[in-house]
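Number of protein chains: 2
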Amino acid sequence: MIQSIDNQHRKAFGPIDAPERLLLGPGPSNAHPNVLNALALPPIGHLDPFYVNLMGEVQELLRYAWQTSNRLTLPMSGTGSAAMEATIANVVEPGDTVLVAVKGYFGNRLVDMAGRYGANICTIEKNWGQAFSLNDIEDALIKYKPNLLTIVHAETSTGVCQPMEGIGDLCRKYDCLLLVDTVTSLGAVPLYLDEWKVDLAYSCSQKGLSCPPGLGPFTMNERAEKKLSLRKGKVPNWYLDVSLLNKYWGSDRVYHHTAPVNMNFGIREALRLLAEEGLEKSWARHRTNAEKLWTGLEEIGLTLHVENDLRLPTLTTVKIPEGVDGKAFTLHLLNTYGVEVGVGLGDLAGKVWRIGLMGYNSTSQNVEKVLNLFDTEMSKFKK
Amino acid sequence: MIQSIDNQHRKAFGPIDAPERLLLGPGPSNAHPNVLNALALPPIGHLDPFYVNLMGEVQELLRYAWQTSNRLTLPMSGTGSAAMEATIANVVEPGDTVLVAVKGYFGNRLVDMAGRYGANICTIEKNWGQAFSLNDIEDALIKYKPNLLTIVHAETSTGVCQPMEGIGDLCRKYDCLLLVDTVTSLGAVPLYLDEWKVDLAYSCSQKGLSCPPGLGPFTMNERAEKKLSLRKGKVPNWYLDVSLLNKYWGSDRVYHHTAPVNMNFGIREALRLLAEEGLEKSWARHRTNAEKLWTGLEEIGLTLHVENDLRLPTLTTVKIPEGVDGKAFTLHLLNTYGVEVGVGLGDLAGKVWRIGLMGYNSTSQNVEKVLNLFDTEMSKFKK
Numbered sequence: 015m016i017q018s019i020d021n022q023h024r025k026a027f028g029p030i031d032a033p034e035r036l037l038l039g040p041g042p043s044n045a046h047p048n049v050l051n052a053l054a055l056p057p058i059g060h061l062d063p064f065y066v067n068l069m070g071e072v073q074e075l076l077r078y079a080w081q082t083s084n085r086l087t088l089p090m091s092g093t094g095s096a097a098m099e100a101t102i103a104n105v106v107e108p109g110d111t112v113l114v115a116v117k118g119y120f121g122n123r124l125v126d127m128a129g130r131y132g133a134n135i136c137t138i139e140k141n142w143g144q145a146f147s148l149n150d151i152e153d154a155l156i157k158y159k160p161n162l163l164t165i166v167h168a169e170t171s172t173g174v175c176q177p178m179e180g181i182g183d184l185c186r187k188y189d190c191l192l193l194v195d196t197v198t199s200l201g202a203v204p205l206y207l208d209e210w211k212v213d214l215a216y217s218c219s220q221k222g223l224s225c226p227p228g229l230g231p232f233t234m235n236e237r238a239e240k241k242l243s244l245r246k247g248k249v250p251n252w253y254l255d256v257s258l259l260n261k262y263w264g265s266d267r268v269y270h271h272t273a274p275v276n277m278n279f280g281i282r283e284a285l286r287l288l289a290e291e292g293l294e295k296s297w298a299r300h301r302t303n304a305e306k307l308w309t310g311l312e313e314i315g316l317t318l319h320v321e322n323d324l325r326l327p328t329l330t331t332v333k334i335p336e337g338v339d340g341k342a343f344t345l346h347l348l349n350t351y352g353v354e355v356g357v358g359l360g361d362l363a364g365k366v367w368r369i370g371l372m373g374y375n376s377t378s379q380n381v382e383k384v385l386n387l388f389d390t391e392m393s394k395f396k397k
Numbered sequence: 015m016i017q018s019i020d021n022q023h024r025k026a027f028g029p030i031d032a033p034e035r036l037l038l039g040p041g042p043s044n045a046h047p048n049v050l051n052a053l054a055l056p057p058i059g060h061l062d063p064f065y066v067n068l069m070g071e072v073q074e075l076l077r078y079a080w081q082t083s084n085r086l087t088l089p090m091s092g093t094g095s096a097a098m099e100a101t102i103a104n105v106v107e108p109g110d111t112v113l114v115a116v117k118g119y120f121g122n123r124l125v126d127m128a129g130r131y132g133a134n135i136c137t138i139e140k141n142w143g144q145a146f147s148l149n150d151i152e153d154a155l156i157k158y159k160p161n162l163l164t165i166v167h168a169e170t171s172t173g174v175c176q177p178m179e180g181i182g183d184l185c186r187k188y189d190c191l192l193l194v195d196t197v198t199s200l201g202a203v204p205l206y207l208d209e210w211k212v213d214l215a216y217s218c219s220q221k222g223l224s225c226p227p228g229l230g231p232f233t234m235n236e237r238a239e240k241k242l243s244l245r246k247g248k249v250p251n252w253y254l255d256v257s258l259l260n261k262y263w264g265s266d267r268v269y270h271h272t273a274p275v276n277m278n279f280g281i282r283e284a285l286r287l288l289a290e291e292g293l294e295k296s297w298a299r300h301r302t303n304a305e306k307l308w309t310g311l312e313e314i315g316l317t318l319h320v321e322n323d324l325r326l327p328t329l330t331t332v333k334i335p336e337g338v339d340g341k342a343f344t345l346h347l348l349n350t351y352g353v354e355v356g357v358g359l360g361d362l363a364g365k366v367w368r369i370g371l372m373g374y375n376s377t378s379q380n381v382e383k384v385l386n387l388f389d390t391e392m393s394k395f396k397k
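So the sequence lines, in the order shown, correspond to chains V and L. Here the first sequence is numbered in our numbering, starting from 15 and rising by one per residue. Here the second sequence is numbered in our numbering, starting from 15 and rising by one per residue.
Please keep in mind that the hints were generated in silico from the structure rather than gathered at the bench. Warning: the hint list may mix true and false statements.
For lysine to aspartate or glutamate, the following EDC-like pairs were computed, each having C-alpha atoms within a straight-line distance of at most 20 Å [claimed, not checked]:
| id | chain 1 | residue 1 | chain 2 | residue 2 |
| --- | --- | --- | --- | --- |
| 1 | V | Lys341 | L | Asp339 |
| 2 | L | Lys25 | V | Glu294 |
| 3 | V | Lys261 | L | Asp266 |
| 4 | V | Lys25 | L | Glu71 |
| 5 | L | Lys365 | L | Glu382 |
| 6 | L | Lys241 | L | Asp339 |
| 7 | V | Lys246 | L | Asp153 |
| 8 | L | Lys25 | V | Glu71 |
| 9 | V | Lys248 | L | Asp126 |
Anything over 10 Å on all C-beta distances counts as not near chain V; from chain L, calculated [to be verified]:
| id | residue |
| --- | --- |
| 10 | Gln81 |
| 11 | Thr93 |
| 12 | Lys211 |
| 13 | Ser265 |
| 14 | Arg299 |
| 15 | Thr377 |
| 16 | Asn386 |
Here a beta-carbon is modelled for each residue, glycine too, at the ideal position from N, C-alpha and C.
Chain V extracted, bound-state conformation (with noise of 0.2 Å):
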């Protein structure tokens, strides 16, 4: 019965000899060493009543961070992008219309995917390093009409924080759900879902969280979950059907897939540091190291590409100078020192650099490190 085997693709690999990174960047970011060990615990079974207990307190962790108490808050079983594209299959049925606040690269993905679920899409777009008005998100849900309102509260590819406040109550005054990202928020940014009267949002582990990626929270209000009940059909996607994981993850515990075991013993850990350390003073640490950081630059005579008021103190976009190979130097901060820093993504392409400072990542000595390195290095990289 044992046929030959074919060894072309038998190679003999060593075991993984990974580089030591400092991850400064868009992220992922490092994750916290408590994390990684809880990663490494032996998994258990997904239905062991000891599991069954942890996904509960994972999802009651979830709902402190984000500030709401959304019955149906879960990790899904995938990245940032997973529990993005849950949003949206969840609550986009073909012809509705949804309304994407576009001002930078995730904005952009939202059109991509909302269209996908046949839904008719209307944007309105800021430049690449500011944020909306409420006049013009009011002027856009007068003339359009959407059944959603989707918007970037931190976007990862400008370093702009998107000012919430009153922007739920419109979309209830023009009965239009808010979707939001809060994918470089959750954890580390002040965030209110319920006072701000967020529908749906959703993020990814990697960044405040100080878990590893792997998994996407989720989270979707009582609004939301009537536009679901109120669908014709099935949400046209099985993994990401919140209505069969509201049976998993709900009391009920009906199977629907093995859950990623390890990776909620990560976020689970992740979230007690968090719970832990309080919202308080994680969101003012993020706030103090990156102004601190703010200054450093300036102090190096670098330009900062968004305007104060807008900045966000997870992803700091600083302006390539003239003359200066941005590509370059990133690439010299990786190999040489462990660095990793990003480099501009669509618009910004070529014209930013990006530093992230989240979640474990946001330390003192991390600002001293690289704003020493962007001192002593940068000038090396003169074209």
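With chain V's structure known, arrange chain L on it following the hints.
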């Protein structure tokens, strides 16, 4: 700017205190200790040159495990169910006819998934515990003229291993793509994807590969790629769209989503260990231990659910004797001995136990341990 924080969900949990489990159920199985160590390596960037190289190593080792040279061979950033959906989402277009060969739980799931992608579904069915013959398949291909035939190689719900020789030839004869579920066979049971002319396949990380759950190996050959390239519209699933993933996992390395870096460290180590052992040895080890289990169960007086020729070495279904409380017995094994054994699912609920011997757990000692427990403890659970 920082308003008052609601602490109702700020629970003060202690660190994870997971019980030790020997996972001899339908999966997950225990992970190899080396794999757990790899999982706990500090993450690096998903576009780091070291990581990009590692992606290529994972792909190459997956090709070996599956015995395929398919270019598009990669782990989906989700569990096996995500990889299952990826096969459907990429090649099924609305109006396509999909023939699902149902002989257990996971056949039914494929019916649900393919329906969501607009397929006309036809099914052929066998009792849970049987397999399809070539005649069954050919008759259905003639009758339904499907674009795609899906069949489960190793049915975790029944313990049946579907004989695959000849099915691929029939599919080519009738111009149909062949999609095979190898969730419970990859790495553990003889699999020759290219020789069997399989066009699409998927699997999981937590069974024969001895890695925790969280990645979904996926592969498609040129015939399937051609169907994808001729699609009229975009793949209606952004996260699992192989035309986008191809740019990330192919030579372009265009950013798609942030890869679950640590899970890929884990599967890379798992696949490396498999290549080190060699498929011949791994397959033989699984068969030897399974045969020892089957003989031992029969010596205790138990009856196996599946006839000898069709039995799956990784998953054994054994009938719960009349008058024994099967569920109470498995709870006893879990709570008293830390040993997880599965109960029946779907048509076999209440009728069988499911004993898994997969990957790292397929050892002679584990067989002796589980046989000893059945021998000494089962009689305590007479109703």
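Structure-based check of each hint:
1. Lys341/V to Asp339/L: 66 Å, violated
2. Lys25/L to Glu294/V: Distance of about 15 Å is within 20 Å: holds.
3. Lys261/V to Asp266/L: Violated, because 40 Å separates the two Cα atoms, which is more than 20 Å.
4. Lys25/V to Glu71/L: 8 Å, holds
5. Lys365/L to Glu382/L: 23 Å, violated
6. Lys241/L to Asp339/L: 50 Å, violated
7. Lys246/V to Asp153/L: Violated, because 36 Å separates the two Cα atoms, which is more than 20 Å.
8. Lys25/L to Glu71/V: 8 Å, holds
9. Lys248/V to Asp126/L: Distance of about 10 Å is within 20 Å: holds.
10. Gln81: The assertion about Gln81/L is violated, with a minimum of 6 Å to chain V.
11. Thr93: Given that some Cβ of chain V is not farther than 10 Å from that of Thr93/L, nearest at about 5 Å, it is violated.
12. Lys211: 14 Å, holds
13. Ser265: Given that every Cβ of chain V is farther than 10 Å from that of Ser265/L, nearest at about 18 Å, it holds.
14. Arg299: 12 Å, holds
15. Thr377: The claim stands: Thr377/L keeps its Cβ more than 10 Å from every Cβ of chain V (closest is about 15 Å).
16. Asn386: For Asn386/L, whose nearest Cβ neighbour in chain V is about 21 Å away, the distance exceeds 10 Å, so it holds.
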